[in-house]
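Protein chains in written order, with full-length UniProt numbering: chain A, 1 to 233; chain B, 1 to 409.
The hints are simulated quantities; they were obtained by calculation from the structure and are not laboratory data. Every residue gets a Cβ at the ideal spot worked out from N, C-alpha and C, and that includes glycine. Each hint should be verified, as a subset may be incorrect.
[Stated by the list, open to error] Partial selection, computed: residues in chain B whose CB lies under 7 Å from chain A: (1) 195; (2) 198; (3) 315; (4) 317; (5) 318; (6) 319; (7) 320; (8) 321; (9) 322; (10) 402; (11) 403; (12) 407.
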Amino acid sequence: MIEIKDLHKSYKMGSNSLHVLKGINFSVEEGELVAIMGSSGSGKSTLLNILGMLDVLDEGSYTLDGVPIKDLNETKAAQYRNKFLGFVFQSFNLINYKSAMENVALPLYYQKVGRKERQEKALKYLEQVGLREWADHLPSELSGGQKQRVAIARAMAAEPKVLLADEPTGALDSTTSYEVMDLIQKINDAGNTILIVTHEPDIADMCKRIVHLKDGVIVEDKKITQVRASQYV
Amino acid sequence: MFSRDNWKEIFETIHKNKLRTFLSGFTVALGILIFVVLFGMGNGLVNTFNEFFGDDATNVLYVFPGRTTIPYKGYKSNRSIEFDNSDLADINKNFSMFVEYSTPRISRGGLVKYKNESNNYTTRAVGPAHQYAEKTIMMKGRYINEEDIKNKTKYVVIGRLVENDLFGNKNSLGEYIDVAGSAFMVIGVFQDDGGDNEERLIYMPYTTRQLIEKNNDKVDQIIVAFKPEIGYAGAMALDLSLNRFFKEKKYISPDDQNGVFIRNVADQLKQNQQFARVLQIIVAFVAFGTIIAGIIGISNIMVFVVKERTKELGIRKALGATPKSVIGSILLESVFITTISGFFGMLLGVFILNSLGEKLKDYFITNPYIDITMAISATLVLILFGAIAGYIPAKRAADIKPIEALRDE
Chain A
1 MIEIKDLHKS
11 YKMGSNSLHV
21 LKGINFSVEE
31 GELVAIMGSS
41 GSGKSTLLNI
51 LGMLDVLDEG
61 SYTLDGVPIK
71 DLNETKAAQY
81 RNKFLGFVFQ
91 SFNLINYKSA
101 MENVALPLYY
111 QKVGRKERQE
121 KALKYLEQVG
131 LREWADHLPS
141 ELSGGQKQRV
151 AIARAMAAEP
161 KVLLADEPTG
171 ALDSTTSYEV
181 MDLIQKINDA
191 GNTILIVTHE
201 PDIADMCKRI
211 VHLKDGVIVE
221 DKKITQVRAS
231 QYV
Chain B
1 MFSRDNWKEI
11 FETIHKNKLR
21 TFLSGFTVAL
31 GILIFVVLFG
41 MGNGLVNTFN
51 EFFGDDATNV
61 LYVFPGRTTI
71 PYKGYKSNRS
81 IEFDNSDLAD
91 INKNFSMFVE
101 YSTPRISRGG
111 LVKYKNESNN
121 YTTRAVGPAH
131 QYAEKTIMMK
141 GRYINEEDIK
151 NKTKYVVIGR
161 LVENDLFGNK
171 NSLGEYIDVA
181 GSAFMVIGVF
191 QDDGGDNEER
201 LIYMPYTTRQ
211 LIEKNNDKVD
221 QIIVAFKPEI
231 GYAGAMALDL
241 SLNRFFKEKK
251 YISPDDQNGV
261 FIRNVADQLK
271 QNQQFARVLQ
281 IIVAFVAFGT
291 IIAGIIGISN
301 IMVFVVKERT
311 KELGIRKALG
321 ATPKSVIGSI
331 LLESVFITTI
341 SGFFGMLLGV
351 FILNSLGEKL
361 KDYFITNPYI
371 DITMAISATL
381 VLILFGAIAG
391 YIPAKRAADI
401 KPIEALRDE
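Looking at chain B on its own, in the form it has when it is part of the complex (with noise of 0.2 Å):
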C-alpha cells in the first residue's frame, strides 16, 4: 500500500488535480489557523487577566485591629485594639497546622534623605514572610532575613523607583540614607509587579522599627498565608477561627463586628478563579466549534471528490482496481494533503501568535500562544476525521458495481 508507485500515483492525481487538491488544503489549513489563532488569543485574554489579579500572593489573611463598640467582660466600648509580638506567636502556634507563614507590618511615612536628594516614602517594617505575601522580586542584594530581626539591625529594602529618585544611576547597595532621622544601609533593590507605588516602598526588619519607637512590641497588622491545599474552604474556617480568637484574646465581645478585622482574599479568589474558568470556557468552546467546522467542512469535500470520481472509479475497478486499492488511495491522498496543509496552517498560526507578542495589549491581549501539543493534537483530530470523512464515502464508491460507476455521467 505504500509502495514508491501507489505515492507516484497519488502524486500524479493530486498534480493533475488542482482544484480539487486546493479545495481539502485551504479547507484544512483555515481550519487548523484558526482553531490556532483562536486559541492563542483565549490564552492572551487570559494571560492579560493573571496580570491584573496575579500581582500579590493569593492565599493570604489580612488582620487588622479595631475599635470596639460594645462593652464587653468589664471593659468599656470605644477601646482601641493593639497587636503585639505576643499575637504573632501565638498565631504560629496554635494554627500551626493551617498557616504557611505568618508576618506583620508596621507602615510609616517619612522624609528619606541620601545626599542632596530627598523625598517622602512609605516605609514598611515587616518580617522575612513579607516577601512571599507581596510577591516582591530581589534585583540586587537581599530581602531582610531572620538575622536582622534578631539583631535588630538597621538595614532597608528599597524599590526599584527608589534608588532611581535618590541615586540616580549609581549603585545604591551598602550605601546609608536617612530614613526619619536615623541612617539606614541599603542591603537590596527589589521591583514590584503591583506598579510604580509598590516600587515606590521602604522595608526594614519590624523589630528595629519597634525599637526606634521606644522599644514597644506593637504591631499594625498581622497579614497570615494559609497552606494552599486546605483550600477555600479551609481558608473560610482559618478566617472564622482567627476571628474568635482574637476576640477572647482581646476581651471583645462575640457580636462585636468592630474589634478585629480580617480581610480574606481567598474570597475574591475564588471569584477570580471563576472568572478565569469561564473564559477558559469560552475559548474551549469557540476553539471547539472551529475544530467541527473544519471537519465539516473537510467532510464535505470528501464527499464531494468522491462524488466526482465516480466514474474514474468505476473505469479503474473494470481494469482491475481491487476496492481495496481504491479506497487506499482515495484515503492516501485525502490525509496526505490534510496532513501537509493541516500542519502549513498550523505553523502559520503560531507564527502570526508569536509575531503578535504584546501588539494587542490595548484590547486585553497579552502574549497570545497555544501549547504546540494543543496545536498538534487538533490537527492530528482534524486529518483523522478527514480521512474517517473520505471513507465512508470511499467505501461506498468502492462497492458500487463498476457498470453502475460506469454510466454515472
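Next up, chain A with everything else stripped away, as it sits in the complex (with noise of 0.2 Å):
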C-alpha cells in the first residue's frame, strides 16, 4: 500500500538547513495499524506530512498504492489527497461555522457528489462513530472527544485508502482517547490501513506495529500484540 525508499528531508531556517529525515525505508501492508513513535524532533510528524502529501519529500521516492508520488503541482495533490488519504488531526481542524454533518460531507463536496448522497453518506459515518443525534450541531457545541469522532467521520466519509491520524489522541484526556482508539481499532478491523503518529506507549501497544524514529532513522520496527481499547471503554 505505502512504499518509501531511502526518503531525506530537510527544512532550510535562514542559512542553515536542518536535516530532518535521513533516509527512511518503510513500507505498510493494506489493513495494518501502525504507530509511529519518537521524542518531539524525531521527524514523525514530518514522515506523516509526506505520507499524506501536505508535504514534499526531497529526496527518494514513495510509492501509494501503486502511483508514484513525485512532481504533483497543488492540484494533483489536491485530487490524490481527496481519493487516497484521509486526515485526522491532533486540534480536529473541524471548519467551526459548519455543523458536524457539512463538515464530514465536505471532502465529499470535492470529490463532486451529489448533495443529497453527501449527506446521506455523511449520516451514515456520523452514525458509525455514534454521533447520528449530534449532525446538526457546531463543533462549538461539541466535546474534544466528540470532535474527534466527527473528524474520524470526516475522513473516513472519503472512503480513503490510508488513514493518517497525526497526535488523534493528544488533546483528550485518557478515557476519552481509549474511546477514539477503539473507534479507530473497529475501522481498522474493517480492512482499513491507519497509521498514527503518537508519543503516548499505550496508544502505540493498541497498534499493531511500532515504527520507532530517533534523529531522522528508523531505530525500530516491530510487530506487537495488539492491545483492545474496548476493555477500558
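Both chains are given apart, each in its own frame, so use the hints to dock them into the complex.
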C-alpha cells in the first residue's frame, strides 16, 4: 500500500539547513495499523506530512497504492489527497461555522458527489462514530472526544485507502483517548489501513506494529500483539 | 465553477460569516453611495452655473455706434455715428462665411395701454433672428417673421409679465394694444429665463418702428451671431474685421476707440467655460478619490478575509480542495457581495439625488444628477478591483502548503 525508499527531508532555517529525515525505508501493507513513535523532533510528524502529501520530499521515492508520488503540483496533490487519504489531526481542524454533518460531507463535496448523496453518506458515517443525533450541532457545541469522532467520520467519508492520524489523542483525556482508539481499531478491523503518529506508549500498544524514529532514522520496527481499547471503555 | 452546489456552498459561507459579509458589503456600498452623491452634487453645481450664465446665446457680438473723438478725412471730431439698414445688408454680404444670423435692435420706452390698464414698457424693434440671440421661448402664438419685416405689420410679441399686467387671466392673442399712440395686434407671448425684466419686454418688427418714426432707416445697434464652429479665435478675428469694416465705411480714424463699439460675448464665454471646466475637474478629482478609497477599503478587507480563512483553507485543501476551487470560491463570494452591495449603494445614491431636486438650490446645487452609465461603470470598476484585490491574497493562500496553513492559528 505504502512504499518509501531512502527518504530525505530537510528544512531551511535562514542560512542553516535542518536535516529532519535521513534516509527512511518503510513500507505498509493493506489493513495494517501502524504507530509511528518518537520524541519530539524525531521527524515523525514530518514523515506523516510527506505521506499525506501535505509536504514534499527532497530525495527518495514514495509510492502509494502503486502510484508514484512525485513532482505533484498543488491541483494534482489535492486530487490525490481527496482520493487516497483521510486525515485526523490533533487539533481536530473542523470548520467552525459548519455543522458536524456539513463537516463530514466536505470531502465528498470536493469529490463532486451530489448534495443528497453527500448528506446521506455523512449521516451514515456519523452513525458509525455514534454521533447521529449531533449532526446539526456546530463544533463549538461538541466535546473534544466528539469533535475527534466527527473528524474521524470526515476522514472516513471519502473512503480513503489510508487513514493518517497525527496525535489523534493528543488533546484528549485518557478515557476519551481510549474511546477514540476503540473507534480507530474498529475501522481497522473493517480492513482499512491506518497510520498513527503518537508519543504515548499506551496508544502505540493498541496498534499492530510500532515504528520508532530517532533523529530522522528508524531505529526499531516491530510487530506487536494488539491491546484492545474496548476493555478500558 | 458556477454549479448550483458551488452557489449553495457560497451562500452558506456568506450566511454564516455575517460580520465579514457586512464589512465588505458596507465598504463597497458606502464607496459607491458617496461617489454617486458627490458626483451628482458636482453636476448640480454645474447646473446652477449654467442657469446663471446660460440665458442668452453665447456666440453673439453686439455692435453699437458711438461718437468720434479724432478728426478724420475732413470730418470733425465729436460726430455721432449712426447705423442704418445698409449696414445690416453689408454685414450679411461681406461676412456670410462667419455669420450665422444678424438682427438690428431699436429700443424705445413708452406707455402701453389695453382698455383700462396701462404701464410703461421697453419696446424692442427687431428682426426674426433676435429670438435666437435672446433665447426667447414662445409660450403661445408666434414670433416676428420675415413677412412681418417685409410688410411692416403692426404686430407685437409681448412678455409673459406684460400679458399678466395688462390682460390678467385673459388671453391676449389677437387683441389690440396701444403702444405710444398706435394700435398693435398681439401675435405671441414669450417667456425668458433671464428674469422678470426680460419678461416685461415687447417686440415688434424693426421696419414697423422705422415706418412710425418718419419712415427712416436708422438702427440702434446690430446683433451679429457667429457660427459656433469658428471658435474663440474666429470670433476674435470677426470682432476685429467688423471693427475695421465699420471704421472704413463710417469714415472713422483707425485710431479712434469711440467711433464704434463691439461687445464680444465670446470673451465672456471663454471665461465661463473655463470656470465650468475647473468645476468639472474638481468634481472628477473628488469622485476619483472616492473610488480609490473604496478600492483600498475593499482590498484591505479582502486581505483580512483571506488571512482569517487561512486555516480553513488549509483544512479544505487537506480534504481535497484544489487551488482553483479555493481561489474560485473566495472570488465568487467577494464578487457576489460587492455586486449586490455595490448596486444597492448606487441605487440608494441615485434615489437620494432624485429626492434632493431643488432643495439645495440655496447652496448653489440645482437638480443634482448622475449619468446612469457613469454610475454603473463606477460600480463595475469597484467590483472589478474588489475581485483583483481578492485574487492576489486568494492566490497566495491557495499556494501555501496545507501543512503551513494548518499550523496557522
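Hint by hint, here is what the structure shows:
no., hint, in the structure
1, 195, "violated (66 Å)"
2, 198, "violated (69 Å)"
3, 315, "holds (5 Å)"
4, 317, "holds (6 Å)"
5, 318, "holds (5 Å)"
6, 319, "holds (4 Å)"
7, 320, "holds (2 Å)"
8, 321, "holds (5 Å)"
9, 322, "holds (4 Å)"
10, 402, "holds (5 Å)"
11, 403, "holds (4 Å)"
12, 407, "violated (10 Å)"
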